[in-house]
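Participant: Sequence:
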Amino acid sequence: MKLSTTVLVANLALAGTLIQSGVQAKPSTETHNGTKFTCVSQGNDKWATVGQRPGGSPIPVIIWTQSASKYFGDNYTPQNRCRMVTSRFNQAVKQNGGRLKNVALIKGRVNKETVICIASTTSGTGCSDKNLLFTLKPENAQKANEILAQLTGISKQGSSAGVVRETSSRLQLELSEVLDQNDLKPQDSDQIRPPANSDRRFKL
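Numbering (this note's numbering), first residue to last: 7 to 210.
Keep in mind the hints are simulated off the structure, nothing from the lab. Keep in mind that the hints are not guaranteed to be accurate.
Ranges of calculated distance between the beta carbons of each label pair, as one might list FRET restraints [stated by the list, open to error]:
1) 72 / 152: 20 to 26 Å
2) 148 / 62: 31 to 37 Å
3) 143 / 49: 27 to 33 Å
4) 83 / 136: 20 to 26 Å
5) 63 / 107: 16 to 22 Å
Once the Cα atoms are required to be at most 25 Å apart in a straight line, the calculated PhoX-like pairs of lysine-lysine come out as [claimed, not checked]:
6) 136 / 149
7) 136 / 118
8) 143 / 118
9) 118 / 149
10) 100 / 136
11) 136 / 107
12) 143 / 52
From the three backbone atoms N, C-alpha and C, an ideal C-beta is built for every residue, glycine too.
Kindly produce the complete structure, drawing on both the sequences and the hints.
Facilitator: Written out as structure tokens, the structure reads:
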């Protein structure tokens, strides 16, 4: 049974190039005591980045499909994109003591290009090649808020659910809010299970 979720598929709005760095074919779960993310196959070359809090149910965050290759390039399969992004989610949460609080998706600049990265909102850490998730095409650089909202299914500020916040300094989306909102959506969580060998680390 496939993952049932209203999380919008990445190919609807995300237009960018995923930065690859030494992909290894291993499960993308980091071992720590807090929230962790896993890359789970959904069949038909579809993959899901799934988050799970300690004692909680798996919650889908992003669905990756082959049709999104036109945005990322043919060199990146849905599996590779899923694993790379999932691994960097785990790295950011682990560095934050296993907590989701204050970990966010942020718009920034790397090598003079507009990017989406993941970082702590309290440390003042900006975007770099170490926490970068996506490089947006120039024509989409001004649509980062819409891309984040559609990618994760989160609403813009002003709704009753999670929000994409945009200040004069930077745009950000709290990762905890993504899980909170998507946890309220109908899920068949019994079908969303981390792989049996998920204790093996996936390194970038």
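Participant: Taking the hints in turn, state whether each one holds.
Facilitator: Here is how each hint holds up against the structure:
no., hint, verdict
1, 72 / 152: 20 to 26 Å, "23 Å, holds"
2, 148 / 62: 31 to 37 Å, "36 Å, holds"
3, 143 / 49: 27 to 33 Å, "30 Å, holds"
4, 83 / 136: 20 to 26 Å, "23 Å, holds"
5, 63 / 107: 16 to 22 Å, "19 Å, holds"
6, 136 / 149, "23 Å, holds"
7, 136 / 118, "16 Å, holds"
8, 143 / 118, "12 Å, holds"
9, 118 / 149, "17 Å, holds"
10, 100 / 136, "14 Å, holds"
11, 136 / 107, "20 Å, holds"
12, 143 / 52, "23 Å, holds"
Checked against the numbered hints above, the structure breaks none of them.
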